[in-house]
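Using the hints provided, position chain B relative to the given structure of chain A.
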Amino acid sequence: MKKLLSLTLLTILLLTFVSGTASAEDPVTCQEEVVVQKDDWLSKYANKYLGNGRAWPAIFHLHNRAAEANPDKFPDKIENPDLIEVGWTICIPAAEDATSFLATYTEGIDCVGAASGDQVSVLYQWSGAEEEKFNTVVKPLVDACGIKIVAQSSRDDAVLDTKAKSTPPDVVFWPKIAPLTLYTNQLRDLGELGADPANYAPYWQNMGSVGGRWLAAPVKADIKTIIWYSPANFELFGYTVPTTWAELDALVEKMVADGNVPWSMGMESGPATGWTGSDFIQDLLLVQQGPWYVLDVISGKVAYNDAGVKAAYETYGKWAKDEAYTVGGATGTVSTSFLDAIHKVFSDPPEAMMVKQSGFAGGEIASQYPDLVYGTDYDFFAVPGALGVQGGADFMMAFSDSSAAKALVVYLTSPKGAAEWAKAGFDLSPNRMALGHYADTALVKKSIALAGAAGFTPDIGDTIPAPFGEAEWKAIVDYVNGADLGAALDAAAAAQADALK
Amino acid sequence: MVPKIMKQGTLTPWLYLSAALIIMLLFIVYPTIRTVTLSFRDKRGTQPATVDCDSGEPCWGVFENYRYALTNPEMLQALRNNALWVLLMVPGTVGAGLTFAVLADQVRYERLAKTIVFLPMAVSFVGAGVIWKFVYYLESGKGAQIGVLNAIITGLGGKPVAWLTNSNWMVNSISLWIVGIWLWAGFCMTVLSAALRAVPVEIVEASRVDGASEWQIFWRIMFPLILPTITVVTTTMIINVLKVFDIVFVMTNGLNGTEVIANRMFKFIVTNQGRSMAIAVLLIVLTIPIMVFNVRRFREQEMMR
Numbered sequence: 209m210k211k212l213l214s215l216t217l218l219t220i221l222l223l224t225f226v227s228g229t230a231s232a233e234d235p236v237t238c239q240e241e242v243v244v245q246k247d248d249w250l251s252k253y254a255n256k257y258l259g260n261g262r263a264w265p266a267i268f269h270l271h272n273r274a275a276e277a278n279p280d281k282f283p284d285k286i287e288n289p290d291l292i293e294v295g296w297t298i299c300i301p302a303a304e305d306a307t308s309f310l311a312t313y314t315e316g317i318d319c320v321g322a323a324s325g326d327q328v329s330v331l332y333q334w335s336g337a338e339e340e341k342f343n344t345v346v347k348p349l350v351d352a353c354g355i356k357i358v359a360q361s362s363r364d365d366a367v368l369d370t371k372a373k374s375t376p377p378d379v380v381f382w383p384k385i386a387p388l389t390l391y392t393n394q395l396r397d398l399g400e401l402g403a404d405p406a407n408y409a410p411y412w413q414n415m416g417s418v419g420g421r422w423l424a425a426p427v428k429a430d431i432k433t434i435i436w437y438s439p440a441n442f443e444l445f446g447y448t449v450p451t452t453w454a455e456l457d458a459l460v461e462k463m464v465a466d467g468n469v470p471w472s473m474g475m476e477s478g479p480a481t482g483w484t485g486s487d488f489i490q491d492l493l494l495v496q497q498g499p500w501y502v503l504d505v506i507s508g509k510v511a512y513n514d515a516g517v518k519a520a521y522e523t524y525g526k527w528a529k530d531e532a533y534t535v536g537g538a539t540g541t542v543s544t545s546f547l548d549a550i551h552k553v554f555s556d557p558p559e560a561m562m563v564k565q566s567g568f569a570g571g572e573i574a575s576q577y578p579d580l581v582y583g584t585d586y587d588f589f590a591v592p593g594a595l596g597v598q599g600g601a602d603f604m605m606a607f608s609d610s611s612a613a614k615a616l617v618v619y620l621t622s623p624k625g626a627a628e629w630a631k632a633g634f635d636l637s638p639n640r641m642a643l644g645h646y647a648d649t650a651l652v653k654k655s656i657a658l659a660g661a662a663g664f665t666p667d668i669g670d671t672i673p674a675p676f677g678e679a680e681w682k683a684i685v686d687y688v689n690g691a692d693l694g695a696a697l698d699a700a701a702a703a704q705a706d707a708l709k
Numbered sequence: 002m003v004p005k006i007m008k009q010g011t012l013t014p015w016l017y018l019s020a021a022l023i024i025m026l027l028f029i030v031y032p033t034i035r036t037v038t039l040s041f042r043d044k045r046g047t048q049p050a051t052v053d054c055d056s057g058e059p060c061w062g063v064f065e066n067y068r069y070a071l072t073n074p075e076m077l078q079a080l081r082n083n084a085l086w087v088l089l090m091v092p093g094t095v096g097a098g099l100t101f102a103v104l105a106d107q108v109r110y111e112r113l114a115k116t117i118v119f120l121p122m123a124v125s126f127v128g129a130g131v132i133w134k135f136v137y138y139l140e141s142g143k144g145a146q147i148g149v150l151n152a153i154i155t156g157l158g159g160k161p162v163a164w165l166t167n168s169n170w171m172v173n174s175i176s177l178w179i180v181g182i183w184l185w186a187g188f189c190m191t192v193l194s195a196a197l198r199a200v201p202v203e204i205v206e207a208s209r210v211d212g213a214s215e216w217q218i219f220w221r222i223m224f225p226l227i228l229p230t231i232t233v234v235t236t237t238m239i240i241n242v243l244k245v246f247d248i249v250f251v252m253t254n255g256l257n258g259t260e261v262i263a264n265r266m267f268k269f270i271v272t273n274q275g276r277s278m279a280i281a282v283l284l285i286v287l288t289i290p291i292m293v294f295n296v297r298r299f300r301e302q303e304m305m306r
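Residue numbers (the working numbering), protein chains in the order written: chain A, 209 to 709; chain B, 2 to 306.
One thing to keep in mind: the hints can contain errors.
As the list claims (entries may be wrong) - Listed next, the in silico SDA-like pairs over lysine to any residue satisfying Cα-Cα at most 20 Å (straight line): (1) A:K709 - B:F28; (2) A:K709 - B:K244; (3) B:K160 - A:A532; (4) B:K143 - A:D556; (5) A:K709 - B:T47; (6) B:K143 - A:L456; (7) A:K709 - B:G62; (8) A:K709 - B:E140; (9) A:K526 - B:S168; (10) B:K244 - B:F28; (11) B:K134 - A:G478; (12) A:K529 - B:E140; (13) B:K244 - B:E140; (14) A:K709 - B:S168; (15) A:K529 - A:L456.
None of these hints come from the bench; they were simulated from the model.
Here chain A stands alone, though its shape is the one from the complex (with noise of 0.2 Å):
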């Protein structure tokens, strides 16, 4: 009798798990099959045929969907959602599944065979505000699969060094990702745990991954390849903000036609002199030559005095070290401070337009200019034609393979942890699936910026060894104020062949 009921319930448990599946696996209806013409791509698709150009996930994954479920009719399945062949027959879903396929794609959790009661260790840097948010990301995963986080909060290297020797903690949160090179025999695939590499663009990929082995998962990012301005003085002279580098080229000249001073590029920072004039050039480089370009300006393999560095240090220079294009032309670029550049473009009345600075920027517009609103009187705009971005990222790399590791893992690489991520407003996450789920207008802007990216940088300053850091920003205030370019570029060249060695 016992027997007899087990099998009973065996048979329920299989019959239901089976049909779960050929539910799932139910051709998908398609509305319109579309062969990929040039320059399509799937957010273009779903703005046309979905009425919104944020639901292409529903696209990309019902395609997919239905390639398995019919090879011969779509013989190709979409890989990476930025990457679509001509030629492809593309299965665009109808309505009414892709509206269903949105509501309900965020929101499975899965245990991945956790139990309740089980325990991760994890350690990362934040704290305070930022601890809290992280919290608010991980609580549905807590929730829903009773697990218990135990964190552990140091910006130090060396805990994390300790730690990795004794007892390693089950999943680290790092703002680098010098850890993989460190822990590379002792650090676990990720995609083997259960993380779907789909869900990131395949530069992160590559950046995460030692010998084909995917180690580090990016979880946050910020980006500061932006431009502050003021909406109300754009409006006021009937300027547009710029979407390509030949419209923001334009709009310079167009500044200078009136009179007015487009920036404000003031470096000076005591000892740190230079760094401001590092990410602007950083950003030009980012533009004319692209995020592989500055990663080897980074690693040594291209030489600093190279042609394309030049390129970038004569556009950096054209406008710098002129008064009609900077405040103060080449004396106010290396003698104002970096902060009272800011303030230049929102005083009243304004001395320039722009000014290229990251993300705080907005907080010090606000703190001494109190009366000036986000949005209307002070906001930002991605730089324009930029082919990769510049920022900061943390990764998630996991010591420990245990169920509850397993799950945290799979929960903030799956599209539900991505964007419970966005919504929490933890700055961004590189997480595809994070899109759309923004509610703070700054990230919105910013994510937009991200997921158009061809490649993500790291401050070529913070990321370069001190000596030639030094150099660099040697150079720069060294060409700014009248030194020879080629033997300012020379000097660097020489420091970053000598740190690099």
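Positioned in the frame of chain A, the structure of chain B alone reads:
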């Protein structure tokens, strides 16, 4: 026959010396040895020096860090600047100190005048750097000049000057020397003033009776008599100035042609210890002749007594 109780054992003097010796060994001798040995390693101070050598490039073997310290363009600029600090800023400081000392003797409010000149000595060098950065401040936009110097210049109808970020490095250097003189002139004045007081009044009176002018009295009587003190003050200043760091680090960080040796040393201290130590040794070597000179003079003076 000396009573036994008055005799010292061979150990006793060492016992008295031990406290000082241990402190010297621990905090001067050992660090110096360590500095020198590190300077003969590679630039990071962890491997033999020769790992820094590239085939086809000049290589000085164990002196590789010294090759950097003596041939790198940045270092050459620093050496040039330190030489200029010694050649121009030191005479400026001693001259200013001497002038104050002589002139203060002639006024009624001598004590007040001297206190004011001496006061900057109480300000930390970093503080002085910050204060003078404000004095030299340049507003490059449309705002008012809040730096005293540029406010005066624009008030008189002139064009503001970039005192610290000038494309002409001599302007930046002179601006820094002025801060140094402001800081140290008080010290020179105090010492020289004491020396002037020590000049016997009789000699001065006698020369006056003989019809010497004040100018002659100073140059023919006072100056030769206080020359030993001037020498001591000058050598002390040279040592101070060779080690100059704070003012430069705070005000320009060696940018725009103002680099000095100690600032180079500081820049490498974390990442490239070996190289940093070689620069430190270079600094010690440069100071040693002046120390020797000072000690010799001291001995000569002792013998004269």
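Each hint, compared with the structure:
For the proposed pair A:K709 and B:F28, the alpha carbon gap of about 34 Å is over 20 Å, so the pair is violated. With a C-alpha separation of about 30 Å, the suggested pairing of A:K709 with B:K244 is violated against the 20 Å cut-off. The straight-line distance between the Cα atoms of B:K160 and A:A532 is roughly 18 Å, inside the 20 Å bound, and the hint therefore holds. Straight-line distance between C-alpha atoms of B:K143 and A:D556 comes to about 11 Å, which keeps the hinted pair within the 20 Å bound.
Between the alpha carbons of A:K709 and B:T47 the distance comes to roughly 14 Å, so the proposed pair stays at or under 20 Å and holds. Of the pairs offered as hints, the one joining B:K143 and A:L456 is violated, with about 25 Å between alpha carbons and a cut-off of 20 Å exceeded. The hinted pair formed by A:K709 and B:G62 meets the criterion: a straight-line CA distance of about 17 Å does not exceed 20 Å. Only pairs whose Cα atoms come within 20 Å are accepted, and A:K709 paired with B:E140 is rejected, the gap being roughly 41 Å.
For the given pair, A:K526 sits about 17 Å from B:S168 by alpha-carbon distance, which is consistent with the 20 Å threshold. A hinted pair counts as satisfied when its Cα atoms are at most 20 Å apart, and B:K244 with B:F28 qualifies at roughly 19 Å. Distance hint between B:K134 and A:G478 is fulfilled; the C-alpha atoms sit about 10 Å from each other, no more than 20 Å. Between A:K529 and B:E140, the direct Cα distance comes to roughly 16 Å. Compliance with the 20 Å bound is thereby established for this hinted pair.
At most 20 Å may separate the alpha-carbon atoms for a hinted pair to count; B:K244 and B:E140 exceed this at roughly 32 Å. For the hint pairing A:K709 with B:S168, the CA-to-CA distance comes to about 32 Å; that exceeds 20 Å, so the pair is violated. Taking the CA atoms of A:K529 and A:L456, the gap is near 18 Å; set against the 20 Å cutoff, the hint holds.
Checked against the numbered hints above, the structure breaks hints 1, 2, 6, 8, 13 and 14 and satisfies the rest.
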